[in-house]
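Trainee: Here is how the chains run, residue by residue.
Protein chains: 2
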Amino acid sequence: VPNSQLFIPAELIKYKRDGGTLTDGEIKKFVDGYTKGEVPDYQMSALLMAIFFRGMSEKETLALTQTMLFSGQILNLESISAFKVDKHSTGGVGDKTSLVVAPIVAAAGAVVPMISGRGLGHTGGTLDKLEAIPGFNTQLDVKTFESHLKKHGLCFIGQTPEICPADRKLYALRDVTGTVENIPLICASIMSKKLAEGIDGLVLDVKFGSGAFMKTFDKAKNLAFTLKNIGQMSGKKVTALLTSMDQPLGKAIGNSLEVEECIEILKGGGPADCRELCLELAAHMLMVANKATSVDAARKRATDLLDGRRALIKFEEIVKAQGGDLSKLPRAKKHLEIHAEQDGFVSSINTEAFGIASLILGGGRLKASDKIDPVVGITTEKKLGSQVRRGETLATLHFNEDKNTNLASAKVLEAYKFSLQKTEPEPLIKAVL
Amino acid sequence: VPNSQLFIPAELIKYKRDGGTLTDGEIKKFVDGYTKGEVPDYQMSALLMAIFFRGMSEKETLALTQTMLFSGQILNLESISAFKVDKHSTGGVGDKTSLVVAPIVAAAGAVVPMISGRGLGHTGGTLDKLEAIPGFNTQLDVKTFESHLKKHGLCFIGQTPEICPADRKLYALRDVTGTVENIPLICASIMSKKLAEGIDGLVLDVKFGSGAFMKTFDKAKNLAFTLKNIGQMSGKKVTALLTSMDQPLGKAIGNSLEVEECIEILKGGGPADCRELCLELAAHMLMVANKATSVDAARKRATDLLDGRRALIKFEEIVKAQGGDLSKLPRAKKHLEIHAEQDGFVSSINTEAFGIASLILGGGRLKASDKIDPVVGITTEKKLGSQVRRGETLATLHFNEDKNTNLASAKVLEAYKFSLQKTEPEPLIKAVL
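Protein sequences appear in the order of chains A and B. Numbering-wise, the first sequence is residues 1 to 433 according to our numbering. Numbering-wise, the second sequence is residues 1 to 433 according to our numbering.
Since no wrong hints were added, every one of them can be taken at face value.
Which copy is meant is left open, so a pair is good if it fits within one copy or across any two.
List of simulated lysine-lysine pairs, PhoX-like, C-alpha gap at most 25 Å:
no. : residue 1 : residue 2
1   : LYS403    : LYS371
2   : LYS14     : LYS215
3   : LYS169    : LYS14
4   : LYS221    : LYS14
5   : LYS430    : LYS382
6   : LYS367    : LYS29
7   : LYS14     : LYS367
8   : LYS14     : LYS219
9   : LYS59     : LYS219
10  : LYS59     : LYS36
11  : LYS14     : LYS36
12  : LYS215    : LYS228
13  : LYS14     : LYS29
14  : LYS383    : LYS417
15  : LYS320    : LYS267
16  : LYS151    : LYS267
Everything labelled a hint here was simulated from the structure, so no lab data went into it.
Please build the complete structure, drawing on both the sequences and the hints.
Mentor: Structure follows, in structure tokens:
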């Protein structure tokens with residue numbers, strides 16, 4: 001705001017509303033004021049909506065990210081000399097790659113300080129998946145996290161209240177004021193939390209398609225560019241993959257079921273698509289961590305670590321270190337198969353519907369305080385392009401309590417569209433930035 | 001919001017944000033919920049900002065107006081059989097016409113139930129002007145208001161807390177969230193209050209120019225169209241005038257000074273521009289009230305009532321009825337003349353600067369709780385196009401306390417721009433809708 005000595009929130013809102021660019025200092029005062037409760041919710045939500053329409057420059061986005069980052073604790077992992085690399089996915093259905101990728105990369109000697117979130121709406125969360133393993137403790141304090149990283153090269157924890165309090169307050173406000181779907185705001189929210197981890201590099205898995213937050217490739221690409229830029233301007237090595245979420249990843253959706261599928265992959269098996277994406281992500285993490293000189297070499301290293309079961313051993317080591325017992329992984333007692341009502345080739349899948357179906361069966365949450373049943377979920381048998389005969393099993397619901405099973409099975413059945421001729425789906429990994 | 005049975009404020013915000021049109025019921029639920037405190041400020045401010053960018057259809061604007069209107073008391077003046085007509089100005093500097101126009105129209109036999117506001121920022125308010133008259137009581141209850149209207153055909157009061165509480169709450173929020181400058185929101189705020197007066201017709205004086213809220217003719221015209229449409233859709237007879245606020249109206253700015261100028265006009269004298277606008281507004285009010293069959297005839301009737309002092313007698317009757325004593329009108333003890341520093345023709349006047357100068361001398365308010373000194377003000381000697389010689393008086397400051405006089409005189413001096421050749425100003429009355 002030109003010629004302004006005083007900080008007047010309404011003037012900043014008007015300036016952004018009319019297409020102006022805020023200074024770093026103005027963004028800091030507004031967001032810090034909001035975090036401390038000095039700027040009221042109603043002024044922040046008006047600014048957020050103005051940002052929704054007017055956007056933010058790269059410099060503004062960086063200032064917002066930095067303000068949110070410095071609103072809380074930033075982990076100092078300088079005592080760990082190895083390269084520290086993390087992976088972040090923008091979220092999808094059946095997206096369980098962290099549980100495979102992180103052990104591969106840790107087995108290669110890099111350090112993976114993984115701070116993850118919980119699932120909300122139709123998307124799953126890494127923490128929920130890990131907590132399906134009886135005893136697995138994700139609520140470690142920062143000291144324990146650091147000592148696990150030194151000892152094992154990998155530790156999975158949840159966000160602590162000390163990390164990015166500004167993001168927590170802002171996200172809750174955005175959620176109820178229609179200001180979630182905006183690239184600079186999404187970027188600042190993701191990157192402030194990742195930068196707080198004390199990492200040296202980051203691989204981003206930005207999803208597009210019917211099960212992703214970003215429905216189109218172009219929108220996802222814009223987000224990926226912004227995330228990568230903000231990461232690089234903050235001094236981190238960043239690679240971003242753009243990957244399809246036009247169908248659930250792998251076969252399993254649901255927390256316990258997804259852990260089982262990860263173990264299959266860690267044993268050298270599992271669904272091809274999920275194995276493929278895990279190897280690609282791991283290869284790029286190894287590149288970022290200077291563990292290979294070419295993506296091909298990195299890819300070969302990752303494949304060897306996976307097929308040689310080094311990653312499985314690492315995963316089992318981590319589960320044990322964090323108190324989990326894989327032998328007690330729970331399984332659902334009841335199953336309901338969903339059968340095709342026609343012949344044809346699967347031409348499209350409403351991926352979000354699978355997330356919603358799993359949610360209403362009790363495997364997800366609508367609001368943060370909802371409880372999850374870890375055994376609930378869905379396994380899918382047919383991929384895009386698969387030939388299907390009438391009566392064949394498309395998918396199976398897994399549950400213990402008969403809750404919303406009719407609704408969920410209808411949703412899953414409706415999610416499939418068929419064609420007479422086989423159509424080729426989008427490539428799983430469409431671009432690397 | 002399609003397919004929505006539940007009222008979820010965040011969904012309505014998103015729908016409007018994405019360019020959707022809200023139903024009457026959705027607008028009513030949101031605004032009523034806000035007025036009752038069930039919808040929080042931060043959701044309302046996000047919706048207001050979305051409306052700022054996406055606008056509102058005429059139907060949405062009408063629904064908002066109606067919801068605000070029905071949030072409070074609506075005066076029932078059905079026991080008064082005469083045509084009830086009011087005038088509303090969007091506000092300006094030196095705009096004192098109500099004190100002349102209302103008595104003319106009442107003297108012609110129409111009833112003028114005038115509920116006015118106070119000044120804020122650089123604009124004056126009718127209530128403040130009337131209250132410069134010692135003893136004048138604008139805080140009458142609705143019963144007394146009605147009995148005065150029956151007896152005198154005219155009564156001036158301030159808004160009661162029972163009228164349009166939704167507007168009061170919304171306006172306060174808009175003021176601090178950068179959502180004031182939007183035509184549908186301005187329209188709903190003005191019209192809900194006017195419709196609550198129980199009038200049959202309305203004449204709008206929509207100002208444009210350097211001293212107006214709308215700086216350009218086109219914006220003012222859009223507002224005038226919207227105001228007129230909403231008024232007509234609510235079953236009222238409405239005429240809108242578009243008048244220039246590129247210079248202060250008349251010579252006097254400031255409450256007591258403006259009352260004095262009005263009395264001059266009511267005696268057949270006074271500045272030509274202000275007299276002209278008063279007669280034009282009165283003529284259109286007489287047309288709306290079916291007191292004449294042509295604007296020319298109405299204009300002649302208004303002129304006769306003014307020059308025959310019937311309007312003056314009516315004004316004196318009203319002042320007395322509301323407890324005022326015109327003989328005690330206060331005058332400032334100190335004066336400071338501002339002299340031209342060059343020769344030339346007045347080519348432009350920053351009208352808003354006069355409002356601000358009067359405000360900082362103590363004649364206006366920055367916030368609603370500020371106190372006003374009624375004697376403070378400015379009289380101007382030169383109009384747009386006037387020839388000025390160096391050393392001539394441009395304007396005079398009036399005050400009792402020496403507060404900000406240097407700053408105010410600098411502001412007034414800077415407000416004038418001169419040219420070597422005479423330029424013609426915009427016509428005072430540019431259009432009638």
